[in-house]
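Q: Chain by chain, the residues run as shown.
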Amino acid sequence: MDETVAEYIRRTVLKIPRDEIKMMLQKWGFLSEAQLETVNFRQMKDNVSQDVVQLCEENSADIKQAAVLDIIYNNIYPNKRIWSVYQMNKTGEETEFFDLTDFKKKFKRRLRSALKNVTINFREYEDNAIWIRIAWGTPYTKPNQYKTSYVVYHSQTPYVFISASVLRSNLPLLCQALVIASNYHDIREMELRSHSLNSLKDIVFKRYSQNFQTYYPRPLPERNVAPETDLRIIQENRNEKERIQRLNREVFGDGPQPKIEFAQYKLETMFKSDPKMDVLDKKEPFRCLVKFSSPHLLESLKSLAPAGMADAPLSQLLTCIPQKARNYFKIREKKGLLPGSFVSP
Amino acid sequence: GVFAHLELLEERAYEAAVKQEEMEQQEEKLARLKTRVQELRLQRDELRAKVDLQQKGQLGKEGAVSNPAQPSARAVLEWKIKSLKAMLQIFYLTGISGKLSKRGVCFCISTAYEGTYLDSFHLDLLTKPEVQIYRHSVPIFIPLQQIAKKYLQTDIRRFLSVLSDHLNAYVGRRYQADQLQEHFSGQIEGTLQRNSLCNLLVFNYNVSSESKTFPFNVRLLYGDPCCSLPTEVVISCTPDAPAPLAEMAAAHSDLFRRVALHKAFRSFGSAGERVD
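Heads up: the sequence lines are chains A and B, in that order. Everything in the first sequence is counted per my numbering, starting at 1 for the first residue and increasing by one. Everything in the second sequence is counted per my numbering, starting at 1 for the first residue and increasing by one.
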């Protein structure tokens with residue numbers, strides 16, 4: 001077995017939390033149950049990985065098989081990478097019959113015709129997700145297995161989720177291969193990025209809970225329920241609290257919010273100040289970048305009004321994120337594209 | 001003396017003022033109630049006129065003359081219940097229900113396949129300035145925009161009907177594929193290749209002949225997006241397979257075109273397909 005493959009497997013196993021190693025190796029299926037039984041998974045991870053490499057040596061693993069283990073790891077822990085969403089377009093209106101074999105063939109052919117040194121792996125999952133792992137090389141060097149790009153594509157949808165590696169120069173080639181393989185015409189990057197792949201899918205596939213008014217029965221609030229709170233406590237602003245709850249519900253829905261970590265607003269608006277102050281000599285847009293960061297931005301926005309930190313309803317610029325499927329905005333003067341909102345000093 | 005007298009007068013003046021105020025308040029209240037009674041009477045007359053008009057309209061069609069006296073409250077209630085039941089019946093039969101919202105209408109399309117209720121999908125439509133889709137929960141691989149471009153502005157009923165057909169067919173195909181994977185995984189060799197729309201299925205399954213098993217490779221193409229049965233079935237077997245197998249392949253191919261996928265497999269099991 002190649003030394004580089006051995007090292008790659010060893011490092012991949014080291015990334016996996018110790019309690020999950022056995023499960024992932026089983027999913028991988030490259031080592032038999034009997035072989036797995038011989039490994040003591042309770043020892044130090046260093047030793048576990050050495051044992052695993054030893055077994056892979058016995059089975060003569062090659063890089064393609066090692067790559068599968070990497071896909072499995074990234075599929076279970078996708079949140080370690082940043083994912084961008086790309087949207088594809090086509091003009092034809094015929095029904096698509098997505099043929100997986102055809103897709104894989106076209107994709108590989110396009111990539112390999114431009115760049116001979118690439119490692120390409122595919123893995124399909126139950127939810128119709130196709131995971132593609134690409135390790136990039138150059139015309140003169142072998143593929144670098146540590147600088148990989150990941151692509152997740154659901155058939156017959158116009159969205160592709162890409163976690164590019166550092167080598168962004170290969171992105172145009174990757175995009176081209178995707179467009180050709182999936183029978184679309186062009187592709188563009190959306191202004192939507194996050195660590196949480198599932199949340200990005202929720203946003204573009206519209207799987208997050210939107211509050212639709214239907215006749216489906218909602219449990220009615222009990223009328224004669226004894227109040228749980230102490231009767232000595234008087235709620236002063238009950239009406240206001242209820243108004244805020246109602247507005248919040250209308251905007252955010254009842255279910256959990258998609259998980260994004262930041263929203264960025266690039267302002268290209270004019271500085272508005274008291275004319276007498278005359279702060280800026282030239283009438284130029286005042287460039288400013290506002291970035292909201294949070295472990296879970298949308299949930300924190302949802303809790304702003306009930307916590308009394310902001311007025312309800314919140315600005316549309318914040319609440320439109322799932323619906324507009326973007327978290328990077330450019331705000332220009334009102335004549336521009338977006339629901340203009342000025343930032344007054 | 002004088003002060004006591006003044007106090008008395010003051011008291012009397014005060015009481016008179018209070019009484020005056022009370023009377024004024026009473027009069028105000030009376031005036032308010034009188035106007036309210038006027039309003040209610042007006043409303044009642046309007047409603048009566050409406051009911052009369054409706055009755056006359058119906059009678060006009062039948063050509064009979066009945067007593068134009070105002071309908072009883074009971075009759076009105078019965079009419080309301082009847083029309084509500086009819087509405088619910090429509091919802092139940094078509095799976096399409098709607099509710100007026102602040103800015104338009106919100107539709108819910110419920111899907112089912114052969115008696116099993118499956119997913120529900122929602123559409124929030126705006127009606128001004130023109131009919132447009134505000135938001136929805138239709139899966140991205142259903143050609144919603146195409147269907148909307150064709151029918152939404154001109155014929156909303158047709159739009160809903162076509163969309164409902166697409167959705168029902170999709171969940172039907174998906175249901176069959178899921179059932180196949182769940183209940184007949186033993187007969188399937190390898191993985192079932194499918195896609196998001198479930199309109200192309202490729203898999204291998206085993207058939208037995210002369211106490212030997214042979215793999216069949218089948219490719220099901222569902223050409224009609226509004227149909228849950230395949231339009232094209234291609235079954236191929238290995239070159240060394242015995243001749244009677246070709247007949248079986250043709251029979252299976254025909255069966256897949258007519259019968260739901262999981263039901264076809266169920267019939268294989270029970271019939272004990274054997275060719276000797």
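To be clear, the hints were calculated from the coordinates, so they are not data collected in a lab. Quick reminder that beta carbons are idealized off the backbone N, C-alpha and C, glycines included. Be careful, since some hints might not be right.
As the list claims (entries may be wrong) - Okay, derived cross-link-like pairs now, DSS-like style, lysine-lysine, Cα gap no bigger than 30 angstroms in a straight line:
(1) Lys99/B with Lys206/A
(2) Lys334/A with Lys102/B
(3) Lys19/B with Lys324/A
(4) Lys64/A with Lys90/A
(5) Lys45/A with Lys80/A
(6) Lys149/B with Lys206/A
(7) Lys90/A with Lys27/A
(8) Lys302/A with Lys50/B
(9) Lys90/A with Lys99/B
(10) Lys241/A with Lys102/B
(11) Lys206/A with Lys150/B
(12) Lys334/A with Lys128/B
(13) Lys206/A with Lys29/B
(14) Lys324/A with Lys34/B
(15) Lys266/A with Lys334/A
(16) Lys149/B with Lys324/A
(17) Lys324/A with Lys128/B
(18) Lys99/B with Lys241/A
(19) Lys330/A with Lys128/B
(20) Lys324/A with Lys56/B
(21) Lys80/A with Lys142/A
(22) Lys150/B with Lys90/A
(23) Lys102/B with Lys149/B
(24) Lys302/A with Lys102/B
(25) Lys212/B with Lys206/A
To be verified - If you anchor each label on the Cβ, the simulated ranges turn out as follows:
(26) Leu33/B with Ser300/A: 48 to 54 angstroms
(27) Ile188/B with Arg109/A: 25 to 31 angstroms
(28) Ile90/B with Asp127/A: 33 to 39 angstroms
(29) Arg207/A with Ile188/B: 24 to 30 angstroms
(30) Gln43/B with Ser294/A: 39 to 45 angstroms
(31) Glu114/B with Asp127/A: 20 to 26 angstroms
(32) Lys85/B with Arg81/A: 54 to 60 angstroms
Said to hold, decoys possible - Here are a few chain B residues that face chain A, going by a calculated C-beta distance under 8 angstroms:
(33) Thr94
(34) Asp124
(35) Thr127
(36) Arg135
(37) Pro139
(38) Gln146
(39) Gln193
(40) Leu197
Q: A separate judgement is required for each hint: does it hold in the structure or not?
A: Right, here's what the structure says about each hint:
1. Lys99/B with Lys206/A: OK: Lys99/B and Lys206/A at ~21 angstroms, within 30 angstroms.
2. Lys334/A with Lys102/B: This hinted pair holds, its Cα atoms lying about 27 angstroms apart.
3. Lys19/B with Lys324/A: violated (66 angstroms)
4. Lys64/A with Lys90/A: violated (33 angstroms)
5. Lys45/A with Lys80/A: The hint holds at about 20 angstroms.
6. Lys149/B with Lys206/A: holds (20 angstroms)
7. Lys90/A with Lys27/A: Answer violated: Lys90/A to Lys27/A is near 37 angstroms, above 30 angstroms.
8. Lys302/A with Lys50/B: Since the Cα atoms of Lys302/A and Lys50/B sit roughly 47 angstroms apart, the hinted pair is violated (cutoff 30 angstroms).
9. Lys90/A with Lys99/B: violated (34 angstroms)
10. Lys241/A with Lys102/B: holds (22 angstroms)
11. Lys206/A with Lys150/B: Distance ~23 angstroms between Lys206/A and Lys150/B Cα, so the pair holds.
12. Lys334/A with Lys128/B: This hinted pair holds, its Cα atoms lying about 23 angstroms apart.
13. Lys206/A with Lys29/B: Distance ~56 angstroms between Lys206/A and Lys29/B Cα, so the pair is violated.
14. Lys324/A with Lys34/B: Violated, because 54 angstroms separates the two Cα atoms, which is more than 30 angstroms.
15. Lys266/A with Lys334/A: holds (14 angstroms)
16. Lys149/B with Lys324/A: Roughly 20 angstroms separates the two Cα atoms, so the pair holds.
17. Lys324/A with Lys128/B: holds (20 angstroms)
18. Lys99/B with Lys241/A: holds (27 angstroms)
19. Lys330/A with Lys128/B: Holds, at roughly 28 angstroms.
20. Lys324/A with Lys56/B: violated (52 angstroms)
21. Lys80/A with Lys142/A: holds (25 angstroms)
22. Lys150/B with Lys90/A: holds (18 angstroms)
23. Lys102/B with Lys149/B: holds (24 angstroms)
24. Lys302/A with Lys102/B: holds (22 angstroms)
25. Lys212/B with Lys206/A: Violated, because 49 angstroms separates the two Cα atoms, which is more than 30 angstroms.
26. Leu33/B with Ser300/A: 48 to 54 angstroms: For Leu33/B and Ser300/A the Cβ distance comes to about 53 angstroms; the hint holds.
27. Ile188/B with Arg109/A: 25 to 31 angstroms: holds (29 angstroms)
28. Ile90/B with Asp127/A: 33 to 39 angstroms: holds (34 angstroms)
29. Arg207/A with Ile188/B: 24 to 30 angstroms: holds (29 angstroms)
30. Gln43/B with Ser294/A: 39 to 45 angstroms: Check failed, 53 angstroms falls outside 39 to 45 angstroms.
31. Glu114/B with Asp127/A: 20 to 26 angstroms: holds (24 angstroms)
32. Lys85/B with Arg81/A: 54 to 60 angstroms: holds (55 angstroms)
33. Thr94: Not OK, violated: Thr94/B not within 8 angstroms of chain A, min 14 angstroms.
34. Asp124: Hint holds; Asp124/B Cβ to chain A Cβ min 6 angstroms, cut 8 angstroms.
35. Thr127: violated (14 angstroms)
36. Arg135: Because about 6 angstroms separates Arg135/B from the closest Cβ in chain A, which is inside the 8 angstroms limit, the hint holds.
37. Pro139: With a minimum Cβ separation of about 7 angstroms from chain A (threshold 8 angstroms), the hint on Pro139/B holds.
38. Gln146: holds (6 angstroms)
39. Gln193: holds (5 angstroms)
40. Leu197: holds (5 angstroms)
Violated hints for the displayed structure, listed by number in ascending order: 3, 4, 7, 8, 9, 13, 14, 20, 25, 30, 33, 35.
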